[in-house]
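Engineer: Starting from the known structure of chain F, fit chains S, L and H onto it as the hints suggest.
Protein chains in written order, with our numbering: chain F, 1 to 311; chain S, 1 to 311; chain L, 1 to 311; chain H, 1 to 311.
Don't read these hints as lab results, they were simulated from the structure.
Since the structure is predicted, the reported quantities are computational estimates derived from the model, not experimental observations.
Watch out, some of these pointers could steer you wrong.
In this list, chains with the same sequence are indistinguishable; a pair is considered to hold if it fits within one copy or across any two.
As the list claims (entries may be wrong) - Straight-line distance between alpha carbons at most 30 Å, and here's what the computed DSSO-like set of lysine-lysine pairs gives: (1) Lys179 - Lys22; (2) Lys22 - Lys120; (3) Lys179 - Lys235; (4) Lys179 - Lys306; (5) Lys120 - Lys235; (6) Lys235 - Lys306; (7) Lys179 - Lys122; (8) Lys22 - Lys235; (9) Lys122 - Lys235; (10) Lys122 - Lys306; (11) Lys179 - Lys120; (12) Lys122 - Lys22; (13) Lys22 - Lys306; (14) Lys306 - Lys120.
Protein chains: 4
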Amino acid sequence: MTHRIDRHSEGVFIIAATPFGKDGALDLDSTDRMIDFYLDCGVMGITILGIMGEAPKLSGEETLAFARHVLNRVGNRIPVVVGVSGAGLDNMARLSHEVMEVGAAGVMVAPMPGLATEAKLKGYFGQVCAALGPDVPICLQDYPQTTGVQFSVETILTLTRDHPQIVMLKHEDWPGLTKLSRVRAESGTGDTPRMSILVGNAALFLPQEIQRGADGAMTGFAYPEMLVQVVERHKAGDVDGAEDLFDAYLPMVRYEQQLGIGLAIRKEILHRRGVIGSPKVRAPGPALTARDHEELTRLMARLDRKLEALG
Amino acid sequence: MTHRIDRHSEGVFIIAATPFGKDGALDLDSTDRMIDFYLDCGVMGITILGIMGEAPKLSGEETLAFARHVLNRVGNRIPVVVGVSGAGLDNMARLSHEVMEVGAAGVMVAPMPGLATEAKLKGYFGQVCAALGPDVPICLQDYPQTTGVQFSVETILTLTRDHPQIVMLKHEDWPGLTKLSRVRAESGTGDTPRMSILVGNAALFLPQEIQRGADGAMTGFAYPEMLVQVVERHKAGDVDGAEDLFDAYLPMVRYEQQLGIGLAIRKEILHRRGVIGSPKVRAPGPALTARDHEELTRLMARLDRKLEALG
Amino acid sequence: MTHRIDRHSEGVFIIAATPFGKDGALDLDSTDRMIDFYLDCGVMGITILGIMGEAPKLSGEETLAFARHVLNRVGNRIPVVVGVSGAGLDNMARLSHEVMEVGAAGVMVAPMPGLATEAKLKGYFGQVCAALGPDVPICLQDYPQTTGVQFSVETILTLTRDHPQIVMLKHEDWPGLTKLSRVRAESGTGDTPRMSILVGNAALFLPQEIQRGADGAMTGFAYPEMLVQVVERHKAGDVDGAEDLFDAYLPMVRYEQQLGIGLAIRKEILHRRGVIGSPKVRAPGPALTARDHEELTRLMARLDRKLEALG
Amino acid sequence: MTHRIDRHSEGVFIIAATPFGKDGALDLDSTDRMIDFYLDCGVMGITILGIMGEAPKLSGEETLAFARHVLNRVGNRIPVVVGVSGAGLDNMARLSHEVMEVGAAGVMVAPMPGLATEAKLKGYFGQVCAALGPDVPICLQDYPQTTGVQFSVETILTLTRDHPQIVMLKHEDWPGLTKLSRVRAESGTGDTPRMSILVGNAALFLPQEIQRGADGAMTGFAYPEMLVQVVERHKAGDVDGAEDLFDAYLPMVRYEQQLGIGLAIRKEILHRRGVIGSPKVRAPGPALTARDHEELTRLMARLDRKLEALG
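The following block holds chain F by itself, in its conformation from the complex (with noise of 0.2 Å):
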């Protein structure tokens, strides 16, 4: 398999919804819709099963299935993420394996709850490594919102060079500028190996983010083709075109990222823009009042108009 996610992974990894039918079970035909939706959008690689993807409302045997069904709609095309992480190594192993043996390019583990120490943090991760084997790459999840676990840098570093396979950071601690900037300093120096830096928390600092040096973004904005063109303009060179446009969406960005509720607003778009057919959330989960259907509505339509005024 060609496509393994590495250091130098770069680009848009779209994190993907988890589509529903209205009567909650799992929709292949939205998500083969989605799968080419995403494509595109441009994307470089695509993220299944993380925190926002409902991963633990799923069974087993759903979860397995869902990660067949992606892996084999995109074949080769770009790299496929799986989220992973759970209470317990043994599951996370064959989960694991079972999925990089159908084509996944990595893995992504966010760390358990409790882990405040650093000690603790690379108890856990030399135990997750040697648990998934040094053939897994993983991409490392530094959540504090959710996971209620704080990284520091010289933690991330030392996890990076203590373990190869630990390849990307999806860097989305908040307020987090200060660290991105160290982590790129200090990773690829001396005896320190680059980290591929992909950032999340809703890509609310998107172009700050890029202009500090992050490679890509791994989130799952329901404007996927706004992430792709941000960074790709800040490639070219077009710093104040790239951030100009995210700010037209930032009004949106801004309004997905709301924790929780967030999930649905996104869910709601992508059934809106025919993406999936059911914007469904499984329970225990979010659920839009018909006032947020309406600011839904006016927030969409500001933002069409705003992105008519940029030509």
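Structural biologist: For chains S, L and H alone, coordinates are given in the frame of chain F:
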């Protein structure tokens, strides 16, 4: 099935460990021995797959296999409660129905992290009860040290009033003595039905809690015979005798009550007592140092001497 | 004093910084300049010694000296709210009475950490109201990102119903749009009196919140003129104009909204705008890197260009 | 002043309550009686204004008045440590210098909430040490149950190595036995200087901790004579005798160790023993119910009987 838990359930419901072999596989022979041991100790019920039962570290298949095996071994003798807490209601409902079909007496549900208001708790348990259906009796687990979720007395009473199937409280808030007194006094009065109250938190306050009206204990102390006798002596009116016996064990109760490492201690004692074949805890999990082993040896010897002195 | 806050208070209450000199001492000259600046911006109120006002880093003497100085400078022109949150009710009552005597319009109270149930919150605010006495109007601060305490809509309504002196809600729960809609709809009806609702959380959702019925904002954005105009345009019915103006500032709103470091950014902007003599933050506190300074320069320049383009 | 704490301090440092009259005012007569009581019990040090000493509920004037009074009463007899933790370094430095000038032996510092990485802890204690100056000995308080901050062994050792003035560890992490063993083994070796280790957490594991190398205890148990004798018997080699005595008190140790309510229990016992004039706790604070009072009476009577039986 005659052994459903109800609002008058009482006595000791032992929290069962999940025995693994040295290789980490489920050890069903040890499971049989453990069940027989618990029954010999005189417990009135068994709870499996609780927070301390390493439930999240089992695969879906193992979960069901273990539950079936225990239920089969116990037969109709005493009620078996199954922990079904988890992130998704579909998974919770499926597991609940599977175990009820093969003879479980009820399920235990702890709230998800993040349910930080009474309104959210009421919403969540409303969804849980709807998903399980009215025929599945529920033991509500109030364990803020682990879940981060706090119940007020008012919330507990509202839940048991609104949902006839919430019949039992596993009380392990800490400090929680006044809370227990209030639930005892304010349930079983007016329009609020009686709740069975079984105490957890490693039984650290068992005599005080029985004296305040608890119906029994639901915890995993590795000397279940003490729990049984303390409850029985209280019932027989021998309050000081009950407390004298408890106090002899208190140094060990305190030692086992250490969150996290307590599980390794508990399994080690069960192993030393010949109940389970290996003290193996699945990763990531706590491990005892050589110093811990010596300390435990010393504490076990001191306990033996005290029991001799008590006669 | 005519300027007590009440259930109909509206407009922008700016959260004032506490200016320090380079040596860390209170800078009362800058304080005067800052007050005049806020008044020139058209704010309808000022809040001092809030969580972002570095209140816990002042000595008791400094706290009182600063409050007196601000109240003296403002005179009778607009109401001044004083943050009095703290660990002990005696201290809270003493400070509240001292500032009310010299002309404060009310006090702002955030719950202590650990008040994790509605029952505890009701108990706490009952004690607070008793300690302050009924003549001190209270602004209830709902800011879980910092306090760790969550209020349900039901709890907020109960508190304002039970305590006539709780007249105002500083709404900064996040995500919180539906909560705001509900407090708006469910206060001022039946036996629940109207609450004034001012929004915080750095104004990240100001247009949506005004459209949902907020009475104004209480936050410390370093361009208060934007907050004032957005509120006024909404009042005048120019909803899209208000939102266009807001969106121009949104990249900066988002930048200032970074918890912790946001205070340093805010003070730096006020310093660059000539409002305060030094951007000094007392230790322990956040500091800007050279990279942050460049980034801020760029964002301020982009803002200027956008405002020019808006005309 | 000869009584500075240092790396070899040992014995029982009792955590003093702050006595209030029924009206809530500082009760300095009771303070005198309490100090004399502690001295009569044979304590080797006294710690005032700790987390359990209601420090945040005192005004600045009261804090200083109480500290001066205690220091004056104690005179040169034993060292007095003063808790100075708080949100601002200016306040911490001022209070530290004031109490050192009037004879304190050192200060105790707990980390602020939110210091969630080793890098942040090192930064914070670097600032603390710089603010206090090298002449103020520091006792590092490791109390995650209250602060939410966790120290690894590595962080503790780094701090004491980097800062010669950090001479003592108040160890009250839980579970924490292995941590204690490691700090004991890994300080006082190579380039890491020895630390004095005094244990807290209400002394719940005192014998185990002394056996693992702790130098003594720093906690507020209302029967300090037990703490003193347990430490002395260990020192004299009578390990089982020490533990027998401890076990007799263990039901009460466990009862006092209840976070929050424990302070009210402790003050009530000191009141019943004739040490302080009133069990008053300042608001907001815990209160005992009638049931709690009866339960305490029963536990105190059981303790008396056990001590008689021990001879």
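Engineer: Are the hints correct? Go through all of them and say.
Structural biologist: Structure-based check of each hint:
1. Lys179 - Lys22: between (41 Å within a copy, 27 Å between copies)
2. Lys22 - Lys120: between (42 Å within a copy, 24 Å between copies)
3. Lys179 - Lys235: within (22 Å within a copy, 41 Å between copies)
4. Lys179 - Lys306: between (32 Å within a copy, 29 Å between copies)
5. Lys120 - Lys235: neither (38 Å within a copy, 34 Å between copies)
6. Lys235 - Lys306: For Lys235 and Lys306, the Cα distance is within 30 Å both inside one copy (23 Å) and across copies (24 Å).
7. Lys179 - Lys122: both (19 Å within a copy, 17 Å between copies)
8. Lys22 - Lys235: neither (41 Å within a copy, 41 Å between copies)
9. Lys122 - Lys235: neither (34 Å within a copy, 38 Å between copies)
10. Lys122 - Lys306: neither (47 Å within a copy, 42 Å between copies)
11. Lys179 - Lys120: both (20 Å within a copy, 12 Å between copies)
12. Lys122 - Lys22: Classified as between: cross-chain Cα gap 24 Å, same-chain 43 Å, threshold 30 Å.
13. Lys22 - Lys306: This pair counts as neither: shortest intra-copy Cα distance 33 Å, inter-copy 44 Å.
14. Lys306 - Lys120: Neither way: Lys306 and Lys120 sit 48 Å apart in one copy and 38 Å across, limit 30 Å.
The earlier numbered hints that this structure contradicts are 5, 8, 9, 10, 13, 14.
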